[in-house]
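Heads up: the sequence lines are chains W and L, in that order.
Numbering-wise (my numbering), the first sequence opens with residue 1 and increments by one.
Numbering-wise (my numbering), the second sequence opens with residue 1 and increments by one.
Take the hints with a grain of salt, since some may be wrong.
[Said to hold, decoys possible] Estimated spans, in silico, between C-beta atoms of each pair:
#1 L:L115 with W:K184: 40 to 46 Å
#2 L:L238 with W:S135: 50 to 56 Å
#3 L:S155 with W:R251: 20 to 26 Å
#4 L:T180 with W:E109: 57 to 63 Å
#5 L:L115 with W:S41: 40 to 46 Å
#6 L:S163 with W:D15: 48 to 54 Å
#7 W:L171 with L:T180: 32 to 38 Å
Treat the hints as calculated values from the structure; they're not laboratory data.
Just so it is clear, CB atoms sit at the ideal spot from N, CA and C, and this is done for glycine as well.
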Amino acid sequence: MIEITGLGKTFTGQDGSAVRALDNVNLSVQDNEFLTVLGPSGCGKTTMLKMIAGLMPWDEGEISIAGNPVRGPGPDRSMVFQNFALLPWSTVLENVAFGLRLRGVSKSEREDRARELISMVGLTGFETKRPGELSGGMQQRVGLARALAVEPKVLLMDEPFGAVDEQTRRLLQEELLSIWERTKVTVVFITHSMEEAVLLGDRVVLMSARPGQISEIVPVPLERPRSSDVGGLERSKEYVEITAYLWERLREMHDEHRAKNPAALNGAGR
Amino acid sequence: MTALITRARPKSGLSKRLLNGRASASLISLAVAGVLWEIVGQAAKVPFFPPLTAVLVELWSMITRGEIFGNLATSLANLVLGFGLSLIVGIVVGTAMGRYRRVNAALGIYVYALLTAPSLVFAPIFFSILGAGQGSIVAVIFMYSAFIMIINTASAVENVNPSLVEMGRSYGANEWQILTRIILPAAAPMIFAGVRLGMGRAVTGMINGEMFIAVVGLGRMVTVAGKSFDGAAVLAILIVIITVALAAIALVQFVDRRITSWVPNTTKES
């Protein structure tokens with residue numbers, strides 16, 4: 001459904017130096033697939049997501065969704081942001097209804113729909129609170145509800161659980177799985193956590209940095225539905241093997257990078 | 001991620017006490033200044049610095065004679081027109097400068113030049129174009145107050161979190177929706193800081209305009225009293241002017257609190 005062919009982008013730094021952010025990226029995402037994208041920082045994974053969202057132009061290649069070339073943001077896609085990007089002056093209800101409001105949906109209709117989604121993400125009773133009164137995990141539930149309220153075909157998630165604590169992250173992962181199992185929307189999910197990539201994804205796209213390229217696509221043969229027994233899944237042989245394999249690959253990339261750039265410090269080299 | 005940051009309202013016992021503490025600090029400060037004024041005035045025995053009681057007697061007689069009200073109304077009308085005009089221009093031009101780099105490049109130099117130029121320099125120009133009437137005074141008030149509001153609004157708009165704008169775009173917001181639903185509300189707290197400064201300068205402009213261009217209103221009263229070396233009358237009118245200024249700023253603060261009630265409390269010590 002999402003077809004990416006020959007996607008490339010070069011950023012020019014302030015000193016005039018060129019950085020190849022994405023290079024010849026080819027990817028196709030199936031309908032209802034949960035695709036996770038994993039890679040070190042600077043591999044262009046967020047850049048690629050923003051391009052799919054229609055928020056950032058690219059230099060070469062083509063992106064199409066259900067056969068329609070992407071020219072900008074569209075109602076078939078919605079995005080969940082790492083830093084939540086909630087309107088701090090609006091209530092939970094208004095935030096969830098925001099996308100619908102922009103599309104001119106009537107007040108009563110959009111509020112009904114928003115209440116439905118608020119209940120789906122477990123925030124009933126918080127409709128009149130403002131984001132500043134909520135914990136990080138609750139704020140991201142609002143972000144997720146807002147994204148689902150517009151009934152997208154594709155849900156784009158940019159390290160959505162990167163800014164919350166570990167326990168909250170686990171709960172949000174389980175809830176996202178159970179919501180996805182019910183709604184079956186196509187998901188592209190950016191993460192830098194191997195565990196998260198394997199736990200959630202049907203396939204894990206492994207990207208390497210400088211230039212940002214797809215280095216490998218790893219299928220995850222874990223059974224679905226997964227939301228009911230995440231703990232058991234994590235002890236399964238397949239899960240352990242895949243995460244170990246991904247770690248090995250990430251480590252290779254890191255070593256290669258260091259061999260090419262002896263000056264680079266530890267940690268993926270910013 | 002701090003949960004439950006709420007703006008403290010003067011409802012709870014603690015914040016009520018803090019508020020009273022602040023109010024009584026202001027009252028004590030005023031009382032001390034009043035007593036000092038009285039003592040110095042009594043001791044100095046010079047006509048241009050009469051003691052506080054003499055000034056209050058003069059103020060009371062102005063009120064009973066009714067002389068003050070017509071002049072006050074004239075001045076307030078000038079203030080409302082001049083400040084209203086510069087508020088509209090300040091927000092419109094400031095928003096355009098903050099949002100669009102080209103507008104900023106084109107207008108920035110003039111705005112900064114006019115901010116730093118002594119506003120009364122333009123008085124003769126207004127005088128010759130608009131005559132010795134209300135138009136000239138309104139123009140002087142505008143010159144005093146508009147540019148600080150333009151510059152402040154521009155930097156408020158520039159500092160809006162870009163991820164909120166990106167969020168708006170991803171949900172298909174057009175430029176007008178981004179301005180009115182995201183940028184202006186997000187910039188409002190900082191815009192209001194500039195509006196408060198602008199209001200203070202507008203009152204200064206009003207008095208200067210009334211003293212040096214068209215001799216009307218409170219400015220006329222100051223001029224007349226000054227020419228007859230009536231120190232008590234000058235200071236009595238000064239008290240009226242300061243009251244007008246403080247009331248105007250309190251009005252701005254009241255509107256500010258209504259609009260930006262979502263902003264978490266600052267860490268200011270009571």
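Contradicted hints - numbers only: 1, 3, 4 and 6
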